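Participant: Residues per chain are reported as follows:
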Amino acid sequence: MLKCATQSLSIKKGSGYVVELKAKTPFEGTLPLTIGQAKLTELDVGHLTSLSPLGDEKAMATALEKAHGMALPKPNRSTGKEGARCIWFGRGEALLMGPAPDASLYKHGAVVDISDAWSVALLEGPAADDVLARLVPADLRDSQFKRGHSIRTQVFHMAASITRLGPEKFMILVFRSMAGTLVHDLKAAMAAVASRG
Amino acid sequence: MRIDGKGLIDRSKPLSFSFDGKSYRGFAGDTVASALLANEVKLMGRSFKYHRPRGALTAGSEEPNALITVGKGAQQDPNVRATVQELYEGLVTRSQNAWPSLDFDVMAVNDLAAPFLGAGFYYKTFMWPKKFWEAVYEPIIRNAAGLGALGGATNEDDYERAYAYCDLLVIGAGPTGLMAALTAARSGADVILADEDAVMGGRLNAETGKIGHQSGAAWAAEVLAELGAMDNVRLMTRTTVTGAYDGGMYGALERVNHHTGKRGGGAPMETFWRISTKQAILAAGAIERPVAFRNNDRPGIMTASAVRSYLNRWGVSPGKSVTVFGNNDDAHRTALDLSAAGVRVAALIDSRHDAAIEGADFPVYTGAEVCNTGGRKELESITIRTTSGEQSIQTDCLAMSGGWNPTVHLTCHMNGRPTWRPDIQAFVPTEGMIPDMTVAGACNGTFSTHGCLQDGAEAAKTALAALGKKPADVALPEAEDAPYTLSPLWAVAGKGRAWLDFQNDVSVKDVKQAATENFRSVEHMKRYTTQGMATDQGKNSNVGALAVLADATGRGIPETGTTTFRPPYSPVAIAAMGAGAQGKGFAPQRMTTSHKASLRMNAPMIEAGLWYRPSYFPKSGETNWRQSCDREVGYVRNAVGVCDVSTLGKIDIQGPDAAALLDFCYTNMFSTLKEGRVRYGLMLREDGYVLDDGTCARLGENHYVMTTTTAAAGLVMRHLDFVTQCLHPEWQVSFTSVTEQWAQFAVAGPKSRELLNRLLETEIDNESWPFMACGPAKISGVDGRLFRISFSGEHAYEVAVPARYGAALFDLLVERANQMGGGAYGMEALNVLRIEKGFLTHAEIEGRATAFDIGMQGMMSQKKDFIGKTMAARPGLVDEDRPQLVGLKPVGAVKKLTAGAQLYPQGADAVANNLEGHISSVGFSPDVGTFIGMGFLKRGRDRMGEVIRMVDHVRGLETDVEVCNTVFVDQEGERVRG
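Going down the list, the sequences are from chains H and C. Going letter by letter, the first sequence gives residues 0 to 196 in numbering that gives the first Met the number 0. Going letter by letter, the second sequence gives residues 0 to 977 in numbering that gives the first Met the number 0.
Isolated chain H, as found in the complex:
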């Protein structure tokens, strides 16, 4: 279970109230889901930080390498590994996933906490690529979209980020508010693929 999901905060106020704000995850109550040869689960990847280098991109790259031990990803690529990853996230933007951003990064561009802005799901299994072929207008063949490759594309009608984590493993990000639609759309595609046996 996710650390952030179970974390709750309680404080005492002068007036004596005990206040508790309980955190919820984007897919709470809807995942995991397995249909046929595909499985969809919610991923807890820790912090999500948008990094947009300003000025010399190399300075941000160096700082990232030094602080988090990974390179700044080139377009359609990701760096790092499980637990601390950095994926290309669009023009001039990378997404640091996992660790809280080191203070040194702030000097070299915009560093924005978007941990709660995205829902992160993992689609895996032998049918995963067939499921995505129903919804994603991008060439995700393993010969073209290899482990570590990442793309900003669409999942049906939604803007999304997809990264291949393994031969049959894809990490999918959509806006948090659309988590329900992601499950709806993937569920339909998973059922359709499974129906072919």
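If you're looking for bench data, these hints aren't it; they were derived computationally from the structure. All figures in this text were calculated on a predicted structure; none of them were measured in a lab. Just so it is clear, CB atoms sit at the ideal spot from N, CA and C, and this is done for glycine as well. One or more hints might be untrue.
[To be verified] Derived lysine to any residue pairs resembling SDA-like cross-links, with alpha carbons at most 25 Å apart:
(1) H:Lys38 / C:Ala586
(2) H:Lys145 / C:Met248
(3) C:Lys71 / C:Glu155
(4) H:Lys106 / C:Pro728
[Said to hold, decoys possible] In silico negatives: residues of chain H with every beta carbon more than 10 Å from chain C:
(5) Thr24
(6) Ala58
(7) Glu123
[To be verified] Pairwise CB distance ranges (calculated):
(8) H:Arg90 / C:Met248: 36 to 44 Å
(9) H:Ala158 / C:Ala911: 36 to 44 Å
(10) C:Leu598 / H:Ala158: 20 to 28 Å
(11) C:Arg273 / H:Arg90: 19 to 27 Å
(12) H:Asp55 / C:Arg938: 53 to 61 Å
Add chain C to chain H, keeping to what the hints say.
Facilitator: Only chain C this time, still in chain H's reference frame:
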């Protein structure tokens, strides 16, 4: 009748199905057409216009006659070709366009009236009186003509869309396509081989010729087994490539479950594929064309190749005594195959005097033509004309061949025109019509099996070279290499109706009539006669029709030209193209973190863009929404209200040039805004009209958070992209959408600070947190942000926390508000509150309003340049006569105002010439005690106090309204600073 020992059907798997309520038996591998023919049912449909009895003309997707309806009720699927529909256990089919039955069709009386119903009949006859066309004539004609119908209820079947990618798409899996795919696959290319048939192999499954030492079908099966085992090959059976589009994109329709009884559970009926490929090989083959002669449409008359297909592939002879009629050597095979299978061949008739045929053990007539046929619901006899006169032959099946038309369709989808080849009397693709496509085999005019195999291998080499791959050495197996010779025969001379387009009932006479009436262009002839305009798009008739037109107009066939080929090649269900987009799939649903809480509180949800927001929160005892809304407005005016405002766009802007970007995008200054403060801003489009409005907070020297309206969040983001990428790429500024990062709630009303202070770690007061202050704040232990801004005119705040805490914070705020005599408020109350204060939404700034119109010309800074500044100064955009934003209230008795109603001067008629404006927003104000509204009125700002007419033509409402200030409550604006 079924022929023992022939065919690729599985006789160990008998299946039962029904046609028009009667049960029949067939085998796995049968189509409805082959099974019906095996059961000696030849009558399969009635024609479109004359209701003439018709049977299968072909054995493939080009079938014009044998259209049936599959299934019942909501799921019924009309106009399915019986020649394509595969059999499955329990399949229910029926005929179309016949009443009361296929056997006895009342509308067949049309056929007797045929002399009056030729081409152009409707245009000439139903001209008068003019208004009768839509009300009387058209419904009657549509009822009498036509094909199948939908069930009329919503079809719950699933359909699907999908994408595929490859190096090489091979279209068609006959000898050419198989050889091409094999060569390319062995060379390491990523290959998709698509074929519309359920079994790949094309004509190889329907002919008796050998490839190497084995039958064509066995060779095909062997190649397919090899291809199927390769990782770099995808075999797509039952998949028709329907269109060729730009950039190597092809549309394709896969029939996924039409051949099974499987329904529901997400199993799609069809999948519409978009296939993106680097290279394509078109190996779509050719379609045999009929010959036009009198009564050439009786059930039992079919193309010669179709008869061979039924015999060799399905083990069915469509007749007991078959006659073959053709103008080419290829037709001879039909007679030879039938004879070898033990079927009686009544005669072989070749229109060529010099035709030679070896090994014929049946009567052969050369230099002869079929000039008429007899029989009504099925063929009984034919009349042939030789140099020595006419004679009748008893026969129950006539196999005819007028030659072959290469299937050039896909090559013409980018508006190319095919080339006429006189030697084969057919159009072939013009080279280079589709970029990166190679055409090979029969669809390029190569008709021998050997030629096709060789063509396929060569095409693969061309494609491989383009892909930069070395072709593997693939040995060419031996196969027949008979030359294809024919002499043209389009229509046999004589009286009576000789059919060209079987599906739309167009005859040779109709085409000649069109020419006579000067519809000489092929496109005009097509529209005048409806030739080729049916669901089969004239696949087996267009070339014949234009040959007849060429003859009638004294031009050659190439000069006459073809009509335009357009996608799709064969019909595609709209459900397949729009798959997934029904119901919840229509658009993404965006849910706020308080969504579940709102539902728990029974709030009806309304859509705002893709977001779902609560309209109001009904309490027990309230009988209509107005009561709830009034109560919620009261919360904000008198105590404290809580509203989820997370849907507003939030854009985090950082960088040394952040201030410059904002100064450039907003009409007013933001570089002068102090840190820790918020300012309202207005943005214009480049054309000078208002794009959006909202607040922008300065969190640090180079750090701002811009808010946009809910609907315009994406629009503004795009606008900023445009500005930073195109207008000022040199600026060091970046922006990130943080709309979803923060759950943000408005806490509004005189008790708002009191409520917040119970939750904030550090209490605030008017000194530390004045109006328009902002900054970080810890609320209930969570690091959040606090903004003192107001969309209600009350003392109000917006508090933001990371979205994971949104649900919890909303619950907490509502609970506390309830304890203080307030509570949650929804969109209805929000709307009333902002109208009472004259605040804008996109109901006002809907794309046609200028800053001048909404009275904000003063916000257009004179000290700097900004987007839209120059264009907004155009005379037309600051014309005093423009409709200007005003407040409106009803005069006299309490009357309803409606948004969208139009404004006219008092005493003037409510007609367009007198129109002076419209109402943009309305609401019932509990404070004012009446409806109030905002609207745009010509010279409105100069007309305060004037009484004008409001007329709502749509809802049938009318009332007098008084023009007033847009601020109805707290005009001095004191409360917000309290």
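Participant: All hints are to be evaluated individually against the structure, with a verdict given for each.
Facilitator: Outcome of the hint check:
At most 25 Å may separate the alpha-carbon atoms for a hinted pair to count; Lys38 (chain H) and Ala586 (chain C) meet this at roughly 24 Å. Simply put, Lys145 (chain H) and Met248 (chain C) have alpha-carbon atoms about 23 Å apart, close enough for the 25 Å limit, and the pair holds. With a C-alpha separation of about 13 Å, the suggested pairing of Lys71 (chain C) with Glu155 (chain C) holds against the 25 Å cut-off. In summary, the hint linking Lys106 (chain H) to Pro728 (chain C) is supported, as the alpha carbons are separated by about 21 Å, within the 25 Å threshold.
At roughly 7 Å from the closest C-beta of chain C, the C-beta of Thr24 (chain H) falls inside 10 Å, breaking its exclusion from the interface. Listed as a non-interface residue, Ala58 (chain H) keeps its Cβ farther than 10 Å from every Cβ of chain C; the least gap is roughly 12 Å. Chain C leaves Glu123 (chain H) outside its interface by the beta-carbon criterion, the shortest separation being 19 Å against a cut-off of 10 Å. Between Arg90 (chain H) and Met248 (chain C) the Cβ separation comes to about 25 Å, which falls outside the hinted range of 36 to 44 Å.
Roughly 43 Å separates the CB atoms of Ala158 (chain H) and Ala911 (chain C), a value that falls within the hinted 36 to 44 Å. Evaluation of the 20 to 28 Å hint for Leu598 (chain C) and Ala158 (chain H) yields a pass: the beta carbon distance comes to about 26 Å. Roughly 25 Å separates the CB atoms of Arg273 (chain C) and Arg90 (chain H), a value that falls within the hinted 19 to 27 Å. Remark: the range hint 53 to 61 Å for Asp55 (chain H) to Arg938 (chain C) is upheld by a beta-carbon distance near 56 Å.
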